[in-house]
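Let's have the full structure, built from the sequences with the hints guiding it.
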Amino acid sequence: EKELQVQGQKRRLDLIVYSKAVEPYLLVECKRPGVKLDQSVFRQIAWYNMPLRVRYLVVTNGPETYCCEMDYELNSFRFLDALPDFPADADLLPH
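If you use my numbering, the sequence shown corresponds to residues 100 to 194, in order.
Calculated directly from the structure, the hints in this document are not laboratory data. The C-beta atom is built at its ideal place from N, Cα and C for all residues, glycine as well. Treat the hints with care, since some could be wrong.
[What the hints assert, rightly or not] DEER-style ranges, computed between Cβ atoms: (1) D137 <-> E168: 18 to 28 Å; (2) G107 <-> D184: 34 to 44 Å; (3) G107 <-> E163: 30 to 40 Å; (4) L114 <-> S175: 34 to 44 Å; (5) D184 <-> K109: 30 to 40 Å; (6) W146 <-> D170: 14 to 24 Å; (7) R111 <-> R152: 14 to 24 Å; (8) L179 <-> E122: 32 to 42 Å; (9) P150 <-> E172: 12 to 22 Å; (10) R177 <-> Q143: 14 to 24 Å.
So this is what it looks like as structure tokens:
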């Protein structure tokens, strides 16, 4: 977990992956098995992402996992069929 300030409120992120240049790249919100991954979970991770603007958002409850790629220029996102393959030169660091 990592603590983050979002609009003056403290929030705890489950997992964030940074590039070697210390740029946020991927954000994961983990729920326990059995928790429904509904609109409220996606709103939660979107809220956490407001100051970060990561490329990928992931929500999981173990059996179910959803990943979306953000497009900030078009102010949209698209769901992916699987987690992204990270390029070998990405030098990503989990935190």
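Evaluation of the provided hints:
no. : hint                      : in the structure
1   : D137 <-> E168: 18 to 28 Å : 21 Å, holds
2   : G107 <-> D184: 34 to 44 Å : 37 Å, holds
3   : G107 <-> E163: 30 to 40 Å : 32 Å, holds
4   : L114 <-> S175: 34 to 44 Å : 24 Å, violated
5   : D184 <-> K109: 30 to 40 Å : 34 Å, holds
6   : W146 <-> D170: 14 to 24 Å : 18 Å, holds
7   : R111 <-> R152: 14 to 24 Å : 19 Å, holds
8   : L179 <-> E122: 32 to 42 Å : 20 Å, violated
9   : P150 <-> E172: 12 to 22 Å : 18 Å, holds
10  : R177 <-> Q143: 14 to 24 Å : 19 Å, holds
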